[in-house]
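J.: One letter stands for each residue in the lines below.
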Amino acid sequence: MKSASAFVDRYAFYIFPLPAVLAILVLIVAPVLANFVLSLYDFFVGGRAAFIGIENYQRALADTRFWGGVQRTLYFTFTAVPLQLLIGIGIAVLFNRDFPGKGLARTVILLPMVATPVAIALIWALMFNPSLGVLNHFLESLGLPRSLWVAQSNLAIPSLVLVDTWQWSPMIALILLAAMQSVPAEHYEAARIDGASGWQSFWHITIPGIRSAIVVALILRAVDALKTFDIIYVITEGGPGTASETLNVFAFKTGFQFFHAGYAATLLIFLMFLVLGIAVLLNVVRRRV
Amino acid sequence: MIRRSLRILVFSALLLGFAAASAQEFDWRRFEGTDIRFMMNRHPFTNWLEPMVPEFEALTGINVTLEVLPEDQFRQVRLLEVSSAAPTLDGYMVMPGQVGAQYLGAGWLRFVDDFVADPSLTHPDLDIDDFFGGAIGTFESPDGLFGLPLQIESSLLFYREDLFEEAGLSGPPETMDELMEYAAALHSDQVAGFAMRGRGAAATSQTVNLLYSFGGRWMDEDGNSALASEESIEAHEFYAELMRNYGPPGPANLHWAEVTSLYAQGQAAMIFDANVFRPIMEDPAQALDVVRENTRYAPLPAGPAGSVPGVLVWGLSINHASQNPEASWYFIQWALSKESQESLLLFGVPAARASAWENEEFQATAPEDWIEASQFSFEVGQPDWNPPVVPVAEVRDAYGQALIAALEGRDIAAALSQAAQAVDAIVARTR
Amino acid sequence: MTRSTAPTNDVAFRQAAAQARARARRLTLLKNVGIFLLIVAVLAIMLFPFYWMVLTSLRSQVDNVSRVPVWFFTPTWENYRNVIARNNFFDFTWNSFVIAGLSTGIGLVLGLPAAYSIARFKQEGLAVAILVARLTPYITYLVPWYLAFRALGLIDTYLALTLTHLIVGMPLIVWIMISFFENVPLDLEEAAFVDGATRIGAFMRVILPLSTPGIVAASILAFIFSWNQFLFSLVLSGPNTRPVPVAVFNFISYGQIDFGGLGAAAVLITLPVIILTLIIQRWIVTGLTMGAVKG
Chain A
12 MKSASAFVDR YAFYIFPLPA VLAILVLIVA PVLANFVLSL YDFFVGGRAA
62 FIGIENYQRA LADTRFWGGV QRTLYFTFTA VPLQLLIGIG IAVLFNRDFP
112 GKGLARTVIL LPMVATPVAI ALIWALMFNP SLGVLNHFLE SLGLPRSLWV
162 AQSNLAIPSL VLVDTWQWSP MIALILLAAM QSVPAEHYEA ARIDGASGWQ
212 SFWHITIPGI RSAIVVALIL RAVDALKTFD IIYVITEGGP GTASETLNVF
262 AFKTGFQFFH AGYAATLLIF LMFLVLGIAV LLNVVRRRV
Chain B
2 MIRRSLRILV FSALLLGFAA ASAQEFDWRR FEGTDIRFMM NRHPFTNWLE
52 PMVPEFEALT GINVTLEVLP EDQFRQVRLL EVSSAAPTLD GYMVMPGQVG
102 AQYLGAGWLR FVDDFVADPS LTHPDLDIDD FFGGAIGTFE SPDGLFGLPL
152 QIESSLLFYR EDLFEEAGLS GPPETMDELM EYAAALHSDQ VAGFAMRGRG
202 AAATSQTVNL LYSFGGRWMD EDGNSALASE ESIEAHEFYA ELMRNYGPPG
252 PANLHWAEVT SLYAQGQAAM IFDANVFRPI MEDPAQALDV VRENTRYAPL
302 PAGPAGSVPG VLVWGLSINH ASQNPEASWY FIQWALSKES QESLLLFGVP
352 AARASAWENE EFQATAPEDW IEASQFSFEV GQPDWNPPVV PVAEVRDAYG
402 QALIAALEGR DIAAALSQAA QAVDAIVART R
Chain C
2 MTRSTAPTND VAFRQAAAQA RARARRLTLL KNVGIFLLIV AVLAIMLFPF
52 YWMVLTSLRS QVDNVSRVPV WFFTPTWENY RNVIARNNFF DFTWNSFVIA
102 GLSTGIGLVL GLPAAYSIAR FKQEGLAVAI LVARLTPYIT YLVPWYLAFR
152 ALGLIDTYLA LTLTHLIVGM PLIVWIMISF FENVPLDLEE AAFVDGATRI
202 GAFMRVILPL STPGIVAASI LAFIFSWNQF LFSLVLSGPN TRPVPVAVFN
252 FISYGQIDFG GLGAAAVLIT LPVIILTLII QRWIVTGLTM GAVKG
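Chains as they are written, first to last, in our numbering: chain A, 12 to 300; chain B, 2 to 432; chain C, 2 to 296.
Isolated chain A (complex conformation) (with noise of 0.2 Å):
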């Protein structure tokens, strides 16, 4: 028993991790490597498995879909993660003040991040229902023309970049906020005393002194967005069409509707990197800022 303890503690630097050790092994790195095994066969789920070599990547790089679908990854996160940034920095400047109900006001912008996503998507769905929905309504009494909204093939990502930006600006805004709050309100005043105007604090104090959170939240909303799966399967499943069917909503309809294991998991190989590879690169930007 003693020797057992001592054991333990002489070699608490591998024991203490090893479950989480074993667990990412066996759940993650594992099926990281069968993919890439999967990725050599021709495998219809009920069928029979064939070794094709790296036939399933020619086919990818050939496969228009699969470039659309890169396309339309990045499309939906480069709009959807600017436009977050700007109107979270909005919200933040907003909300870095004090006023009566500021407590309830930052619970309230908590909600949209946390709630289910497939209930969110679902009530989103409704409200963008081209006959019936709500939002045609509000376009109505503005004087503006109805919208199809995701019913239209050019306007499903931008009605699905609408949803996650409702969804995921106030996160940016309260990362954010807690930057601001840890610039030193001194700046403020010294600026103030050389007569600087709000807008040049905020330019020359503020975003300087957020300028690492920024980045930071950029990284996380990129990597989010780049997989985004939720709202788009449950809204559009990628249509109309494959108007809105990113890299990940393909991965999953070949593995899971057309039931091609291989070429699925090909295509996760494809998306694995795009994800890590874009996450990479914003840690270096971040490393120079």
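Simulated from the structure, these hints should not be mistaken for laboratory data. Values in this document were obtained by computation on a predicted structure and should not be read as measured data. Please note that the accuracy of each hint is not assured.
[Said to hold, decoys possible] The list that follows gives simulated cross-link-like pairs (lysine to any residue, SDA-like), each with its CA atoms no further than 25 Å apart:
#1 C:Lys-123 / C:Ser-180
#2 A:Lys-113 / C:Ala-45
#3 C:Lys-32 / A:Asn-165
#4 C:Lys-123 / C:Val-110
#5 C:Lys-32 / A:Ser-16
#6 C:Lys-123 / A:Ala-196
#7 C:Lys-32 / A:Val-104
#8 C:Lys-123 / A:Val-104
#9 C:Lys-32 / A:Ala-290
[Unchecked claim] Distance ranges between label pairs, derived from CB positions:
#10 A:Tyr-86 / C:Leu-187: 24 to 30 Å
#11 C:Pro-214 / A:Gly-288: 34 to 40 Å
#12 A:Gly-288 / C:Thr-213: 24 to 30 Å
Just so you know, even glycine gets a beta-carbon here, dropped at the ideal spot from N, CA and C.
Starting from the known structure of chain A, fit chains B and C onto it as the hints suggest.
T.: What follows is chains B and C alone, placed relative to chain A:
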């Protein structure tokens, strides 16, 4: 195992002279206490079935769980469960014309020939010959019978007689050209002239009616996709013109639920969809009074190649992994018996048994035009409402892309030829 | 600023100064009203979908499909009754509780020692590895998991769902707890060693009790994330284990006509999450950012 020991038991019983307890006789209570689970599409058949299940449970002592999902999710979940070989699923609704090739190829269906041949497992009144040949035929494969049909369905034109009168139109459109003219005459800001499905893959079972009636086909003699043929282009140009000019807003979003609810809410003057949706138009909870009172039915208007609708057959099959195939077979026999099918038809669902259609109460109460149009469509219809390939979901998806392109005003010929290439590639890969 | 050095306080100057002050006050007031309205607008937009969800759940079918939105009506509980009675809602809720509870519990057992080890022994490589697991798209794991669980006959078992949901909760627990453990003074631990405690004893009796608030926050967050998880459950659950998000997606889809039922289901699924959020709101952003931002 159980059956063998049962046989031994019976054999010993016979030897002992207790012939009365013979297992040769069909006994509804033989599988008392068994639990079975069927996965169902949220379809009018299921609406009819749900309240009837307690009757079966009382008759047999078998407990039935029906898991009901909307069609898209139904397909997805069924595929996942069936392929996972989980024994928790005993049976399901199935359209052989849709997934028959895939499911048979993968061995996911349990053949029932041994049950049919066993008088202790099949009720003497089942009468398989009573099912329409075209319906039972879809459940016959070279390896055997893999289920029974529950309904035979075809799409009809639903139209509002009152709106026709207001617009000075009499009788249903008989040709595709007339359909276009009528739609134009009926269309307004409030009420769409015409509506049918447009949601990509989900719409292909309806656009096939246009494809056939304009003389198109799924595949040519060499087994290549014929979607880019001249006839097909013409059919889809017609579809696009009709829906873009006289359809409801957002046609690319329309599944059958949207199409039927638009019509039931008085927002479309004509729709084209499955005849099985008649109960919706007669239900005060779902349809406006003016719709209920003025709905009439007609067959598909004739195109250059005549009126050639697709005919769809739904049925019930037993899951290959089921551990209660006998109890499941009991359920199927009961749900598709002569009495059940009559009751189903009276409920408004086009039953698959010939005897049901002869029921006097049905003939007296159902709309005459619905009966006539349905029977006409069954006669002239084509059973290949889906491309005859294994990866049907993928092929429908590829074809669905072309439909979206058509509805959004893009180049139809180009979209179809792209779809045809995609289909050929998919078929080549899964061969 | 206005304090003048010269004693010549002529009247005109004082009047001008007073006017300027008044104008500034009016401007400040106007600005404050503007800011107030903007804040209200932001909150209204954030709340509207929830408001609409509740409204939809309380309206009858006829009101829900009306061409013009119906804002005032007699509320009906019919939709809730339908959803709960007809769809085994409680079974699905129970499944969600079991899966989220088990995966959070196992996540703690595996994650707490790992977080302690990372904090104490500065195992940054491990921390990064866990972060990468969080960044990798979940769907990447899903195809092999599906094939493996299928081969093992584990589809539609709590085991399969708990294991996969572990991937959602455990990294979160580790990253939140690292900073907690780092803040526990080393002295306390060493004092325990002097008293003859083993490493495990010190961890259990000194470190963990001091970190209780963090453990509570991390557990609740892991629970919420598992509760909300859709993708894994969509593929790996079945009739015996289906959790609420998948059940809601399955029995009510966009194509269905039952708007009220959809609203009611959405309310029921969101309610527990909102209640939990109110308890640990301070930690939500910390959790969502994997500890990159302190609450």
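J.: So, for every hint listed, does it hold in this structure?
T.: The hints, checked one at a time:
1. Simply put, C:Lys-123 and C:Ser-180 have alpha-carbon atoms about 12 Å apart, close enough for the 25 Å limit, and the pair holds.
2. Taking the CA atoms of A:Lys-113 and C:Ala-45, the gap is near 14 Å; set against the 25 Å cutoff, the hint holds.
3. Between C:Lys-32 and A:Asn-165, the direct Cα distance comes to roughly 39 Å. Violation of the 25 Å bound is thereby established for this hinted pair.
4. Restraint check: the Cα-Cα separation between C:Lys-123 and C:Val-110 comes to about 20 Å, which is no more than 25 Å; the hinted pair holds.
5. Only pairs whose Cα atoms come within 25 Å are accepted, and C:Lys-32 paired with A:Ser-16 is rejected, the gap being roughly 66 Å.
6. This hinted pair does not check out: C:Lys-123 and A:Ala-196 have alpha carbons roughly 34 Å apart, beyond 25 Å.
7. This hinted pair checks out: C:Lys-32 and A:Val-104 have alpha carbons roughly 14 Å apart, not beyond 25 Å.
8. For the suggested pair C:Lys-123 and A:Val-104, the alpha carbons sit about 36 Å apart, so the restraint of at most 25 Å is broken.
9. Between C:Lys-32 and A:Ala-290, the direct Cα distance comes to roughly 40 Å. Violation of the 25 Å bound is thereby established for this hinted pair.
10. Here the CB-CB span from A:Tyr-86 to C:Leu-187 is close to 50 Å, at odds with the stated 24 to 30 Å.
11. Take C:Pro-214 and A:Gly-288: their Cβ atoms lie about 37 Å apart, and the range 34 to 40 Å holds.
12. Distance hint check: the CB atoms of A:Gly-288 and C:Thr-213 are about 40 Å apart, inconsistent with the given range 24 to 30 Å.
Hint violations for this structure: numbers 3, 5, 6, 8, 9, 10, 12, all remaining hints satisfied.
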